[in-house]
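Participant: Residue strings, one per chain:
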Amino acid sequence: MTRPPQPAARPGPSPTTISAKIVVAGGFGVGKTTFVGSVSEIDPLTTEAVMTEASAGHDDLSATPNKKTTTVAMDFGRVSLDSDLILYLFGTPGQHRFWFMWDDLVRGAIGAVVLVDTRRLADCFSAIDFFEDRGLPYVVGLNAFDGLQQHRVEDVREAMSIDPSIPIVTCDARHRESTKQTLIALVQHAMAARMAAGAR
Amino acid sequence: MTSGPDDASRRQQEPTFADVMNGFSLDAKRPRKRRLWGRKRDEEEQAGSPAAPPTPPPFPATSSAHTGDTGFAGSGYGGYATGPIEPVRDEPVLPAAPSGAAAVRPYAWTRGRTKSGFDLAIETLVSTSRQGREQLGLLQMEHRSVADLCDQPRSVAEVAALLSIPLGVARVLLGDMAGLGVVTVHQTASSTGKEPDLALMERVLSGLRRL
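As they're listed, the protein sequences go chains A and B.
Its first residue numbered 1, the first sequence is counted upward by one per residue in my numbering.
Its first residue numbered 1, the second sequence is counted upward by one per residue in my numbering.
Don't take each hint at face value.
Here are the computed lysine to any residue pairs in the SDA-like style, where the Cα-Cα straight-line distance is at most 25 Å [as the list claims (entries may be wrong)]: (1) A:Lys180 with B:Arg210; (2) A:Lys180 with A:Val156; (3) A:Lys180 with A:Thr170; (4) A:Lys180 with A:Asp43; (5) A:Lys180 with B:Ser206; (6) A:Lys180 with B:Leu139; (7) A:Lys180 with B:Ser145; (8) A:Lys180 with A:Ile42; (9) A:Lys180 with A:Val169; (10) A:Lys180 with B:Leu211; (11) A:Lys180 with B:Leu200; (12) A:Lys180 with A:Ala144; (13) A:Lys180 with B:Gln131; (14) A:Lys180 with A:Ile166; (15) A:Lys180 with B:Leu163; (16) A:Lys180 with B:Glu202; (17) A:Lys180 with B:Asp148; (18) A:Lys180 with A:Cys124; (19) A:Lys180 with B:Arg133.
Hints in this document: simulated from the structure, not taken from any laboratory.
Same shape as in the complex, but just chain A:
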């Protein structure tokens, strides 16, 4: 805030730099922030949105100051993929009832990674339902806690009744390479889904 003004001669940032976004969802404590942090070039930041509990994101708070408000926090990270391309990874707010926030999150997203703790499969159902409803491409990432995969991928697919067209990958949210491969799987899946939709 107290930085001196920049010299006018300094070339400005290229206005052609563009951003893309990937959503990371999953139940509370499944490792979303760890996943984001393992590949982000910055420590994951937290941003907050103040909203009314009842609102679907369209209410004007200033008109109804007595409405009960709530704060939704989400973590996000940033990955510079090129000199003019930045990818943002947004972790969804954990609370299921904040759908309005999710709408904002998924708008314009390439796709979503749904992280799953195989010991608590049910935690991710609401996220999967939401992405299917919105037609957002997603992959399921089975996060290996303690480095161990407790269950086989096909068993999980059956248990969760996940369509065979949805990729399920195993990952370790703590490791950059694993996170990277999960993201690659998602982007490939999103591109395939887009091309399939275009061919139809």
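Chain A is already provided as a structure; the job is to place chain B on it using the hints.
Facilitator: Using the frame of chain A, we list chain B on its own:
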């Protein structure tokens, strides 16, 4: 009035209200105790007089912060009976006096607005324009904080997180600044349509592979 500090606006108004008070009510400047003792009769007088009632409501509305008793003593039924217009006219003064200080609630920065004229997604990048850098010293304080931060492209979410302001506030601020030409709003993957296009996904894919 909208940009002045709270104290300044209060100082400007106070003589006005005090004058009005003096004009109608002799005990406006009396010490607190006397006012309280005389309250009942005073209110009866005000209720009976057609000229007096409009004066009490605005006074407690603006000055209750520094004289705790006026809110109690002045907002009697005399005020409720006849002065509905005065408080309405007075109320916008309170939220509309942001000082830019840290103690000010974030929504005061936006003067209560929750919508921005620009469609800013959470990942939309903004960067300080050349005009913004040249005018840095002339910008209002909160805009200057943003302009400092956006010397390199930052997303709306980053601006909110790094300035510790809610997302909605960052959106309104950035929308204002974009309107002033102080910041440039960059394209996002979805700017052109509803969904990111294949070419961009291809770039993201190869970018991820290079990581």
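Participant: For each hint, tell me whether it holds in the structure or not.
Facilitator: The hints, checked one at a time:
no. : hint                   : result
1   : A:Lys180 with B:Arg210 : holds, 10 Å
2   : A:Lys180 with A:Val156 : holds, 22 Å
3   : A:Lys180 with A:Thr170 : holds, 12 Å
4   : A:Lys180 with A:Asp43  : holds, 17 Å
5   : A:Lys180 with B:Ser206 : holds, 11 Å
6   : A:Lys180 with B:Leu139 : violated, 41 Å
7   : A:Lys180 with B:Ser145 : violated, 34 Å
8   : A:Lys180 with A:Ile42  : holds, 16 Å
9   : A:Lys180 with A:Val169 : holds, 12 Å
10  : A:Lys180 with B:Leu211 : holds, 8 Å
11  : A:Lys180 with B:Leu200 : holds, 17 Å
12  : A:Lys180 with A:Ala144 : holds, 15 Å
13  : A:Lys180 with B:Gln131 : violated, 39 Å
14  : A:Lys180 with A:Ile166 : holds, 18 Å
15  : A:Lys180 with B:Leu163 : violated, 29 Å
16  : A:Lys180 with B:Glu202 : holds, 15 Å
17  : A:Lys180 with B:Asp148 : violated, 32 Å
18  : A:Lys180 with A:Cys124 : holds, 21 Å
19  : A:Lys180 with B:Arg133 : violated, 37 Å
This entry does not satisfy hints 6, 7, 13, 15, 17, 19, going by the numbered hints stated previously.
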